[in-house]
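Visitor: Sequence:
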Amino acid sequence: MFKNLPNVLSVSRIFLAISLFFIPVMSVPFQVIYVLTFVTDMLDGNIARLMNTTTEFGASLDSFADIFFLAAFLFLVFPWMEPSLPLIVMAVVIVTAKLVSFLWVRIATGTVHTFHNILSKIGFFALMILPFVYMYVGEPALWAEMFLMLAAGIYDYILAYRVIRDFRANSSGRL
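Residue numbers for the sequence shown follow the numbering used here, so the first one is 810 and each next one is one higher.
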C-alpha cells in the first residue's frame, strides 16, 4: 500500500479537482478542497522520490491530475476573479503556448513529455495560492501570475527543443 501512496495521492487529486465543480467557488468547503489538491500535488512526487518508487506511470498520472486541477482553476477560479480582457487574452496565449510545446514534442518524438522544471513548479505553486493572494491584492496578483506562467511557457519551448534535438540525435545513430 505505501509503495502506491504517491499514485493514490495523484488519483485523489483528480477526484478532489472534479469535486470543485460541484461546490460554490471560494466557499469554505471549496477552499479546503482546493488546498487539499495543492497538498496532494506537493506530496505525491516528493514521496515517490523519497521512497524510491518513481515510475513513468506515476509521472504521467501526476501530469494527468495537474490537468484536472488546471481545468478547475480555469473554469471556476479564474472567472471568479473577474479578469480584464488583456488578462483573459494573456491566459489564452499561455495555455495555447503550453499546449503547442506539448504537442510539438508528442508529434516530433511520438512520446508524451511534460516539463516539470523549476519555473513550472514555481508557477504552479503561485497558481495554487493565487486566489488567496487575489483576495487581498486584487488584479496585480493575476498579472504577476501571468508573467510567471509566460516565463515558464517560454522555458517549456527551450526544453521541448532540447528533447526533440536529443531524440533526433539518438534515433539517427540507430538507423
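Where hints are given, some of them may not hold.
Said to hold, decoys possible - What follows is a set of in silico ranges between Cβ atoms, one per label pair, in the way DEER data are often shown:
id, residue 1, residue 2, range
1, M944, A917, 24 to 32 Å
2, S872, V946, 25 to 33 Å
3, Y945, F866, 37 to 45 Å
4, V921, T862, 19 to 27 Å
5, F824, E891, 27 to 35 Å
6, G919, M860, 24 to 32 Å
7, E891, A917, 17 to 25 Å
8, M851, F956, 34 to 42 Å
9, M860, V902, 35 to 43 Å
10, E891, P838, 20 to 28 Å
11, V837, I931, 37 to 45 Å
12, W952, T864, 33 to 41 Å
Hint data in this document are derived by calculation from the structure and do not stem from the laboratory. Note that the coordinates shown come from a computational prediction; the quantities given were computed from them, not determined experimentally. Ideal Cβ positions, reconstructed from N, Cα and C, are used throughout, including at glycine.
Visitor: Hint by hint, say whether it matches the structure.
Guide: Okay, the hints, checked on the actual structure:
1. M944 to A917: 24 to 32 Å: This hint is violated: roughly 42 Å between Cβ atoms.
2. S872 to V946: 25 to 33 Å: holds, 30 Å
3. Y945 to F866: 37 to 45 Å: holds, 40 Å
4. V921 to T862: 19 to 27 Å: holds, 20 Å
5. F824 to E891: 27 to 35 Å: Holds - the Cβ-Cβ distance for F824 and E891, about 28 Å, lies within 27 to 35 Å.
6. G919 to M860: 24 to 32 Å: holds, 30 Å
7. E891 to A917: 17 to 25 Å: With a Cβ separation near 39 Å, E891 and A917 fall outside 17 to 25 Å, so the hint is violated.
8. M851 to F956: 34 to 42 Å: The hinted range 34 to 42 Å is violated for M851 and F956, with Cβ atoms some 23 Å apart.
9. M860 to V902: 35 to 43 Å: Since M860 and V902 have Cβ atoms about 39 Å apart, the given range 35 to 43 Å holds.
10. E891 to P838: 20 to 28 Å: Once the Cβ atoms are compared, 22 Å apart, the range 20 to 28 Å for P838 and E891 holds.
11. V837 to I931: 37 to 45 Å: violated, 27 Å
12. W952 to T864: 33 to 41 Å: holds, 38 Å
In this structure, the hints that do not hold are numbers 1, 7, 8, 11, in rising order.
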